Each structure stands twice: as C-alpha cells, then as structure tokens.
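Protein chains: 2
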Amino acid sequence: MSRPCIDLSLYLVLDPDLCGGFDGMVRTAEIAAQNGATVVQLRAPQWKKRELVECGRALKKVLDPLNVPLIVNDHADVCVAVDAAGLHVGQQDLSPDDARPLIGPDRVLGLSVSSMAELEAVDTSLVDHLGVGPIFDTATKKDAAAQLGMEGFARLAARKPCPIVAIGSVKAAMAEALFKAGTDGLAVVSAICGQKDPALSTRLLRKAIDANLACR
Amino acid sequence: MSRPCIDLSLYLVLDPDLCGGFDGMVRTAEIAAQNGATVVQLRAPQWKKRELVECGRALKKVLDPLNVPLIVNDHADVCVAVDAAGLHVGQQDLSPDDARPLIGPDRVLGLSVSSMAELEAVDTSLVDHLGVGPIFDTATKKDAAAQLGMEGFARLAARKPCPIVAIGSVKAAMAEALFKAGTDGLAVVSAICGQKDPALSTRLLRKAIDANLACR
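Protein chains in written order, with our numbering: chain Y, 111 to 326; chain E, 111 to 326.
The shape of chain Y in the complex, shown without the other chains (with noise of 0.2 Å):
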C-alpha cells in the first residue's frame, strides 16, 4: 500500500456544535458521502481522545461503505488508533516532520497554510495537500489567520506545490472563482454543518464543483 489518491473536491470538515454533537457528526457525514462530499475531516479540538477515538471508528463505518476516506484533524495519535486515511494538522500542531513517523508512509498528511511564507515553507516529500485559507472570515474556526480574499488566495494557488483546497466559508457560489484560481477542491464546514436539509445543500455544493471541474 502506498498513500492513497484522495478525491480533494468537496472535502467536508465537520463541526460538532453545528451538526449537534457526536450522532449529528455521524449522520451528517454518511449524508454528506451519500450526496457528494468526496472527504471527511473529523475535527472537534474541544474534545477528549476517548470521545475522538469513538467518534472516528463510527465515521469509518459509514463512510467505508461509501469509499469516502476519513481525515483526522491534528492527533496523529487518533488517527492511526483509528486508522484514518490521513491526518490534517495546522501550523501550530504537529510539525510535517514529527507527523510523517507518526503515521507512516501510506496516509495522506495535510497542512493549513495561510501566507506565501508558509506556502514555500511546504515539503512535498512530507505533505500531501493543503488547505488554504481562510478565503474569507469565518465563525467556525477561532484561531483562524486573516482573510486571505479572492486575491491573496488566487495569488496562493499560482504557486501551488501540491494539490490545494479552499477553506473559510467557502459557498457553492464562490467554486467558478476558487476554480479558475487553481484550487482543487472546497473545503467546507457551515455550507453542510447545521444546514436544514445538508443532503441537499451537499448536492448543490457538488453541481457547482462539477460545472467547474468539467471546463478545466
């Protein structure tokens, strides 16, 4: 086995407070998978390990079936008790260096970058992909950096080492624009998280995405 390729394009991140605790996680994620959103990303940094262990077993049973990989954010630890397809840190969690041992060789790793330094700062032969951003403000990231707009992040994916996905409420609107500024995927949380019906919302997502993946 060698890192598996990893379908970037709608990459839901989800949000334990707005899709309402660890059962709404779940089905929020099956839903997800079964509407379009090609990765999962468990992230809810106010929780404990016993919780995050649990949690991620119960994503992997929905989203194996559906071929959908899952993605833990920032513990290395959870992610191979889990065995998660990959781990997802920031720039302050685990650096790319002490991460890649962690989890071996065959899971994917992706960082946050949010500035040209941190950009150019990438080790490919460490890193999978990135997540840039954050586009623009958004409420369900606290420590977010500042915005990066259309511009700074268009700027961003020219240089692009590696395969990116946009994040920081990021909407179905916006894919024509973060499309033709080169990313590879959207990364999204409020766009599905606590949406009244995110079956529907994930296929809109989807249709957008595939407009613009089409005319490249």
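Some hints could be false.
The list treats identical chains as interchangeable, and a pair is accepted whether it falls inside one copy or across any two copies.
To be verified - Below are the EDC-like pairs computed for lysine to aspartate or glutamate, each with C-alpha atoms no more than 16 Å apart in a straight line: (1) Lys-158 x Asp-208; (2) Lys-270 x Asp-238; (3) Lys-158 x Asp-253; (4) Lys-251 x Asp-127; (5) Lys-270 x Glu-230; (6) Lys-252 x Asp-127; (7) Lys-306 x Asp-127; (8) Lys-317 x Glu-286; (9) Lys-290 x Asp-320; (10) Lys-158 x Asp-127.
No lab work stands behind these hints, which were simulated from the structure alone. Remember, it's a predicted structure, so these values are computed and weren't measured experimentally.
Given chain Y's structure and the hints, the job is docking chain E onto it.
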C-alpha cells in the same frame, strides 16, 4: 529494551500557569529533578502540539542527564515524537487498549483512576502504574473527579493491582499517611510549581518521602 523501571516516589506534574509558561516549566523541572523529583510529567491541556513537542524536547534535554524520565500527558503522538519514557492517560483520554500499540512495548503507561470501579477495570498487561486521586480537591485540574479523602484513598490503595501514586493537593505533611495507606509515591503539582523556592519545596517533599520509604 523493555519498559523502564520508574521510581515513582516523587512525581512532578508540571503546570504551565503555575510555572509561568514554557521556560518556567523547563526551569522548574530541572530544579525539581536536581532536588529529588524522580519523574516529571508534561501536562499542558491548553497548548497546541507544536509547543508541546518543543517543550517535551527541552525537558528531555535537562532531565536526561539527571536520569529523570519524562512522561507526557494525554498525547501519545507527542510522547512518541519527543521519545518520552511514557504516557499518562485519564479515563476520557485514549484507552489503554488504544494507547499501548501507539507507544509500543518499551514505554510506561500510567492511568488515572478515581474510584474502585476504575481500579478494578485496570488491565496490568497494558498499564504500568496508576495515579489515584484526587485525594483532596484541587485547583490545578478543572475536570477532576470528586475527592477521595484519605479513607477513600486507603480503600483503593489496599486493592492496587500495580504501583500507584497519590495525587490531588498532596503536601509533604501527608506523606506518612499516604505511604501507610500503601502509596508508592506522591504526585504533586502546586507543592512544587509556583512555589517561591521550588528547590527547597522539593527537598522537603523528598525528605518526608524518604523517611516513610525507610520505615516500610
């Protein structure tokens, strides 16, 4: 190599607030290790992992020459990344079942227990020692269980399946009662961290412990 034998007699749990941050934690650890602490735990639940890893490495640098082992709280990934001697988990952290394969067979694994039910559930094929407490209510751990009191501690200590340390507002004056009850060591936070003279505080604890160890 197999699991190291760890002298639990004076077990310092670092607190970043009481120690005054990163540098204060390293300084406190070094002073304590020079004056009789036998094991040091890195615990900073409010920190991101980049800082935890850096601090773990800085702690190892001062503790290794003194032959005082470092134990990392909660994070198996940080524990392995900094090559600590062991991991300590609570009941809401990684389960011993999940933690043991992550840290491998050669590191010690400590577990917090607060009740007879938790004590009786301990699997000593996975867990090397226990932190039993809180003996008395403590300000340094916000999510601690109800205090055991000295009698409650003695009831648990009488049934210990492996070595234990007493934790929770432990002071030098309690050494006699705790060792008589069957503890193998005292775990302290505020009895060393943030003390005006941590070297003196450590030596007084050491003296109280040695007096009781000698009489067993």
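Evaluated hints:
1. Lys-158 x Asp-208: Classified as between; 14 Å across copies, 22 Å inside a copy.
2. Lys-270 x Asp-238: For Lys-270 and Asp-238, only the intra-copy Cα distance (11 Å) is at most 16 Å; the inter-copy one is 47 Å.
3. Lys-158 x Asp-253: between (19 Å within a copy, 11 Å between copies)
4. Lys-251 x Asp-127: Cα proximity of Lys-251 and Asp-127: one copy only (12 Å, versus 25 Å across).
5. Lys-270 x Glu-230: Intra 8 Å, inter 54 Å, cutoff 16 Å: intra-copy only.
6. Lys-252 x Asp-127: within (13 Å within a copy, 22 Å between copies)
7. Lys-306 x Asp-127: within (14 Å within a copy, 42 Å between copies)
8. Lys-317 x Glu-286: Close inside one copy (11 Å), not across copies (71 Å); limit 16 Å.
9. Lys-290 x Asp-320: The answer is within: 13 Å in one copy meets 16 Å, while 71 Å across copies does not.
10. Lys-158 x Asp-127: within (15 Å within a copy, 21 Å between copies)
The earlier numbered hints are all upheld by this structure, with none contradicted.
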